[in-house]
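Assemble the whole structure, with the sequences as input and the hints as a guide.
Here are the chains, one letter per residue:
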Amino acid sequence: MTLKVEVDEQRCVSAGHCVTSAPDVFDQRDDDGVVHLLDGAPPERRHEQVREAALLCPAAAILLRERDGSA
Amino acid sequence: MPEPKALPFSARDATCPFDPAAELYELQEREGLPRVPVPSPIMGEFEAVELTRYTDAKDAMSDPRLQMGFVFDPEQPRTMMNQPGNLLNYNGADHRRLRRMLTSAFTVKRIRGLLPKIEEIVDSRLDALEAAGPGADIVHEFSTPIPTLVICELLGVPYEDRESFQRRAKIGLDVNTTREEQIANLAEMDAYMGRLVAEHRRSPGDNLLGSVVRDFGDQLTEDELTGIGNMLLVAGHETTASMLSSGVALLLQNPDQLAVVRDDPEAVGDAVEELLRYCSPAIALPREAAEDMVVNGQWIEKGERVVTSLLVANRRIPGAEGDLDVLDVRRTPAPHVTFGYGPHQCLGQQLARAELRVALPALFKRFPTLALGVPEDEVDYRTTALVFAVNKLPVTW
Numbered sequence: 001m002t003l004k005v006e007v008d009e010q011r012c013v014s015a016g017h018c019v020t021s022a023p024d025v026f027d028q029r030d031d032d033g034v035v036h037l038l039d040g041a042p043p044e045r046r047h048e049q050v051r052e053a054a055l056l057c058p059a060a061a062i063l064l065r066e067r068d069g070s071a
Numbered sequence: 001m002p003e004p005k006a007l008p009f010s011a012r013d014a015t016c017p018f019d020p021a022a023e024l025y026e027l028q029e030r031e032g033l034p035r036v037p038v039p040s041p042i043m044g045e046f047e048a049v050e051l052t053r054y055t056d057a058k059d060a061m062s063d064p065r066l067q068m069g070f071v072f073d074p075e076q077p078r079t080m081m082n083q084p085g086n087l088l089n090y091n092g093a094d095h096r097r098l099r100r101m102l103t104s105a106f107t108v109k110r111i112r113g114l115l116p117k118i119e120e121i122v123d124s125r126l127d128a129l130e131a132a133g134p135g136a137d138i139v140h141e142f143s144t145p146i147p148t149l150v151i152c153e154l155l156g157v158p159y160e161d162r163e164s165f166q167r168r169a170k171i172g173l174d175v176n177t178t179r180e181e182q183i184a185n186l187a188e189m190d191a192y193m194g195r196l197v198a199e200h201r202r203s204p205g206d207n208l209l210g211s212v213v214r215d216f217g218d219q220l221t222e223d224e225l226t227g228i229g230n231m232l233l234v235a236g237h238e239t240t241a242s243m244l245s246s247g248v249a250l251l252l253q254n255p256d257q258l259a260v261v262r263d264d265p266e267a268v269g270d271a272v273e274e275l276l277r278y279c280s281p282a283i284a285l286p287r288e289a290a291e292d293m294v295v296n297g298q299w300i301e302k303g304e305r306v307v308t309s310l311l312v313a314n315r316r317i318p319g320a321e322g323d324l325d326v327l328d329v330r331r332t333p334a335p336h337v338t339f340g341y342g343p344h345q346c347l348g349q350q351l352a353r354a355e356l357r358v359a360l361p362a363l364f365k366r367f368p369t370l371a372l373g374v375p376e377d378e379v380d381y382r383t384t385a386l387v388f389a390v391n392k393l394p395v396t397w
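So the protein lines, in turn, are chains A and B. FYI, the numbering for the first sequence is 1 to 71, going by our numbering. FYI, the numbering for the second sequence is 1 to 397, going by our numbering.
Do not take every clue at face value.
As a list, the in silico DSS-like pairs of lysine-lysine whose alpha-carbon atoms are at most 27 Å apart [said to hold, decoys possible]:
hint: 1; chain 1: B; residue 1: Lys170; chain 2: B; residue 2: Lys5
hint: 2; chain 1: B; residue 1: Lys109; chain 2: A; residue 2: Lys4
hint: 3; chain 1: B; residue 1: Lys170; chain 2: B; residue 2: Lys392
hint: 4; chain 1: A; residue 1: Lys4; chain 2: B; residue 2: Lys58
hint: 5; chain 1: B; residue 1: Lys392; chain 2: B; residue 2: Lys5
Covered stretches of chain A (chain B as the covering partner; in silico rule of three or more C-beta atoms under 8 Å from a C-beta of chain B) [said to hold, decoys possible]:
hint: 6; segment: 12 to 20
hint: 7; segment: 40 to 49
Pulled from the structure, derived: some chain A residues nowhere near chain B, Cβ distances all over 12 Å [to be verified]:
hint: 8; residue: Arg29
hint: 9; residue: Leu55
hint: 10; residue: Asp68
Since the hints were derived computationally from the structure, they do not count as laboratory data. Positions of the beta carbon are idealized from the N, C-alpha and C atoms, including for glycine.
Encoded structure:
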């Protein structure tokens, strides 16, 4: 399974869920709190955290593209 | 004298104030969207579409067609809904512009940096509680001072002024007031905050108001700065105080769950999410439909106002495990809407979480024999305001 992560900085409202859910994948810019993507193709062990971040994001600013490795 | 009014969409059960009123569950089951009368000191009674289902609530709060809808009109008297600077009065790009001036102060990193200060404040209040002795009121000694001290420190508002700004915040959130009282109250709030803003203009302090003046002062009017300050001050202490009191009251009635919060540092984060979900103290402010629209197959007409019951939405979250009418601090956190949803989701939510995660375990560790000082059914709850709260919570140990 591969997972590609994209973020929409324009939509981001800096609620911080992504940073608390998946701190190795997301950070926030110091000057305005907007999401900063650390890893656009996180390893499988982080996938669940990343899905949680996308679920909790109140602005739908996290876009996930999942592809099954066997397909 | 007439009965004090509660807001229908945040109505609570008469015997258990943590539970939504029975009619909210009934509406949740009923097809279509009801129209209900909503009392408001500022707007007078108005009719609104009431959303009670979780999915409807989330969809509505993130739909740009449902707008906060209160455009500042300088010709009209100032009210909380006619106040520049208050983020809750803005939509779209205007809202984003203002919110982004404040978000750097509320990032996860910045809030982590505040933890030592929060711990110090909590310790000082535990000392004060101990000094007050058994029979002391948790609301007075603990729940109100902690978030008030934190927001004073963060914003740059003198703590000595608390009695007057807490009184004004209470009036501002009281549904059972007149429009005239609200206008007079806001004038007092503006006069107070206006003085603080003027001081920061002269010499910006090392705090949030100071840094907003320093970084964005040339893009903001005095009115906007005053509105920002008022919003942060009210939002920063009333809601978290309510959560602290409610958390203490609930955990004292559920000793096995209290033990989890006291003894397992790993479990505190999830426990706080559950308390937030279950208590849901604040309301989502009304929205207005900017055009005819359909929410999950249900019509809302242009110009209709829309209110959302966060309280009952949190009791039926699709996919969440277990019985959501029961408090269970060990449950996998359910994605609650206590902080709202969409672009207006609570700016200070990470700060609120940090305060709750520090204060609750510290209280139960310091006072292992803590118990309610009155019978459970005599705890004095406030159910007729925009923010649910506990008025008084005497404890013994």
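task = If any of the earlier hints don't hold here, list their numbers in rising order.
result = Structure breaks hints 7, 8 and 9.
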